[in-house]
Amino acid sequence: MTAGTVARQHTAPAHRRAIEGRSPWALGWMRLRRDRVAMFCLGVIVLIVLVAVFAPLTAHLTGHPPNEQYRSTGLTPDGLPRGPSRAFLFGTDDLGRDILVRIAYGARISLLVGVAATALTVVVGVVVGLAAGYLGGAVDTVLTRLIDVVLSVPFLLVAIALVSVTGPSMTVTVLVIGFFSWASMARIVRGQVLSLREREFVEAARSLGAGDARIMFVDVLPNVLAPVIVYTTLLIPVVIVVQATLSFLGLGLAPPTADWGGMLSESQAYYTTAWWFIVFPGAALLVTTLAFNLFGDGVRDAFDPRRDR
Amino acid sequence: MSTADPLLRLDGVRKHFPVRAGTLLSREQGRVYAVDGVDLEVHNGETLGLVGETGCGKSTLARCIARLYDLTAGTVWFDGRDITGLSRREMRPVRRDVQLVFQDPFGSLNPRRRVGSIIADPFAVHQLGTRADRKRRVQELMERVGLNPEHYNRFPAEFSGGQRQRIGVARALALRPKLLICDEPVSALDVSIQAQIINLLVDLQHDFRLTYIFISHDLSVVRHVSDRIAVMYLGRIVESAPTRDLFESTRHPYTRGLLSALQVPDPDAADSRERIILAGDLPSPTDPPSGCRFHTRCPKARADCVRTDPPLTGSPGRHQTACLFPLEIGEDLSLASPQVHDTVIGGAG
Numbered sequence: 001m002t003a004g005t006v007a008r009q010h011t012a013p014a015h016r017r018a019i020e021g022r023s024p025w026a027l028g029w030m031r032l033r034r035d036r037v038a039m040f041c042l043g044v045i046v047l048i049v050l051v052a053v054f055a056p057l058t059a060h061l062t063g064h065p066p067n068e069q070y071r072s073t074g075l076t077p078d079g080l081p082r083g084p085s086r087a088f089l090f091g092t093d094d095l096g097r098d099i100l101v102r103i104a105y106g107a108r109i110s111l112l113v114g115v116a117a118t119a120l121t122v123v124v125g126v127v128v129g130l131a132a133g134y135l136g137g138a139v140d141t142v143l144t145r146l147i148d149v150v151l152s153v154p155f156l157l158v159a160i161a162l163v164s165v166t167g168p169s170m171t172v173t174v175l176v177i178g179f180f181s182w183a184s185m186a187r188i189v190r191g192q193v194l195s196l197r198e199r200e201f202v203e204a205a206r207s208l209g210a211g212d213a214r215i216m217f218v219d220v221l222p223n224v225l226a227p228v229i230v231y232t233t234l235l236i237p238v239v240i241v242v243q244a245t246l247s248f249l250g251l252g253l254a255p256p257t258a259d260w261g262g263m264l265s266e267s268q269a270y271y272t273t274a275w276w277f278i279v280f281p282g283a284a285l286l287v288t289t290l291a292f293n294l295f296g297d298g299v300r301d302a303f304d305p306r307r308d309r
Numbered sequence: 001m002s003t004a005d006p007l008l009r010l011d012g013v014r015k016h017f018p019v020r021a022g023t024l025l026s027r028e029q030g031r032v033y034a035v036d037g038v039d040l041e042v043h044n045g046e047t048l049g050l051v052g053e054t055g056c057g058k059s060t061l062a063r064c065i066a067r068l069y070d071l072t073a074g075t076v077w078f079d080g081r082d083i084t085g086l087s088r089r090e091m092r093p094v095r096r097d098v099q100l101v102f103q104d105p106f107g108s109l110n111p112r113r114r115v116g117s118i119i120a121d122p123f124a125v126h127q128l129g130t131r132a133d134r135k136r137r138v139q140e141l142m143e144r145v146g147l148n149p150e151h152y153n154r155f156p157a158e159f160s161g162g163q164r165q166r167i168g169v170a171r172a173l174a175l176r177p178k179l180l181i182c183d184e185p186v187s188a189l190d191v192s193i194q195a196q197i198i199n200l201l202v203d204l205q206h207d208f209r210l211t212y213i214f215i216s217h218d219l220s221v222v223r224h225v226s227d228r229i230a231v232m233y234l235g236r237i238v239e240s241a242p243t244r245d246l247f248e249s250t251r252h253p254y255t256r257g258l259l260s261a262l263q264v265p266d267p268d269a270a271d272s273r274e275r276i277i278l279a280g281d282l283p284s285p286t287d288p289p290s291g292c293r294f295h296t297r298c299p300k301a302r303a304d305c306v307r308t309d310p311p312l313t314g315s316p317g318r319h320q321t322a323c324l325f326p327l328e329i330g331e332d333l334s335l336a337s338p339q340v341h342d343t344v345i346g347g348a349g
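In order, the protein sequences belong to chains A and U. Counting from 1, position 51 in the first sequence corresponds to residue 51 in our numbering; the numbering is continuous, with no gaps. Counting from 1, position 106 in the second sequence corresponds to residue 106 in our numbering; the numbering is continuous, with no gaps.
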């Protein structure tokens, strides 16, 4: 009655147009490319990365190794830091070391810790979130309680206690930051997975005979990647600041390693007499986190799932 | 009638969902009796239409057959084998023979994967063929269901609803199943597109010798494709018969009610025929009515209907009805009035 009489229709013959589908990622990248602020920030981030990578070059060009103390040329006769000059573009610190070179080397620490701790957070958070959300039941109950426990532990107290036991090192810093930030990532992922699990394409995969692991990583994971990427880009600056905070409190890296938090801590006593000592490391930290944050905002605008449809 | 073993046989299939309360230590508060004792046979090469109102358990039954749910009770026999208790691993070879086409052409395709990869999923899951084989098979399938094979690199979002449903059909066909369960395959589509998809399914049935279970709440669609129709009400099958029988000699008052709601293309005929408007809503499946589940809405309900749960009588494959007072041929249901309250109050028979 309704069906039989309608003529069969075939799809149009292949037209010679690009058949390659545009992936949601490609579409997001196109949107990101049009975002001027995000692109500018990406440029700044690339610049900071280059500075970090080529930090030895700054040492070579200025002739000042990062931990070399220039007590005669780098300090005033009273033993105070010297301001910016031709020899020391960003001035010197309280021990007569070149602040410019130390900032370049400090960028290595900040980026390395930022990326390593964030990567740790993402891997642990995504795996835990996927398992809790997809497997549900007892697994979910246990993992959710664990997340609650981790989120309720006071971060700084534990960090101080841990560092005082193990001694300061980059590994400890990364582990401490990773340990305290995976939980919120796991929570975000779990929430997404809970709703994805009920979607019909998951049921379709199951009806084909796919196992849990395949469904979790092939079917569910690509659908939580957008919020994960957004959260990740916004997490990097937070981690950088946390790392600087730990160093500022003397819990970061053992001196004389140059890092931004440690430099700010050393500059405290001189903020009235040597503005460059506090301004340049502070500016480095500010510019880096600002660039990551604004870039993260751009990524969120470009990849936000709510803008997909 | 048919002496051959059915491809699929359900014996007393039940699926109850517990309703839990409490977060940490949950207690069972009640049960949703989604499917509550279904016996059914589906024979090789036939199309069984499964109709019923929204919420009557059609989709749950489909998922029980495909073993996406574990049964609460009962047995599912597929191809002469009891598949009820099979583990996931043991189910894998069976899954190649039983496939589903889903209702929602948007939700049933992973939005983050390319169409070629979605249709190739069955091959990947069952580790069949090389990469080149799979691509060739996928393109053949796409061509077969009326899609441009060159579009295999596109994403689901780049297709229309009807095209997406074709993708779902291609995926279900990839492993050459014996039984295809179509769960409302066209109800999310425009009417003009529905016809295309139905024609495609009918063509494919001939070419691939498929057996269909065709689930729909739209009787006109089911009538067009089905050899036999089973009518579900609140988790039970209330009537099942060859399509012509069901339409011409309806026995169950509920079926009659459904049929009278059908659109008739001739306005004069539409005016003159009987209209039975079923009163009220579908009762909650958490607390199904006593006796015959339809008694709360049945125009012919008697006191017995409240007490006695009528079994599905008649031989499988022929006309089966679960009703204590089935309709006679030519009986006008619009003249009937329920006599439940009278008997309860007055005690008269």
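By construction, these hints were calculated from the structure, which means they are not laboratory data. One should not assume that every hint holds.
What the hints assert, rightly or not - Examples of chain U residues toward chain A, derived with CB under 7 Å:
#1 R92
#2 R95
#3 D104
#4 G107
#5 R112
#6 P122
#7 V125
#8 Q127
Virtual Cβ for every residue (Gly too), placed ideally from N, Cα, C.
Hints, verified against the model:
Residue-level restraint check for U/R92 holds (minimum Cβ-Cβ distance to chain A is 4 Å; threshold 7 Å). With a cut of 7 Å, the hint placing U/R95 at the interface with chain A holds, because the nearest CB-to-CB distance is about 4 Å. Below 7 Å, beta-carbon pairs count as interface contacts, and U/D104 has one with chain A at about 5 Å; its hint therefore holds. A least Cβ separation of about 4 Å between U/G107 and chain A falls short of the 7 Å threshold, and the interface hint therefore holds.
Here the hint on U/R112 is kept, as its CB sits about 4 Å from the closest CB of chain A, short of 7 Å. Hint on U/P122 holds. Least Cβ distance to chain A is approximately 5 Å, under the 7 Å limit. Because the closest C-beta pair between U/V125 and chain A is about 5 Å apart, less than 7 Å, the hint holds. Below 7 Å, beta-carbon pairs count as interface contacts, and U/Q127 has none with chain A, the closest being about 11 Å; its hint is therefore violated.
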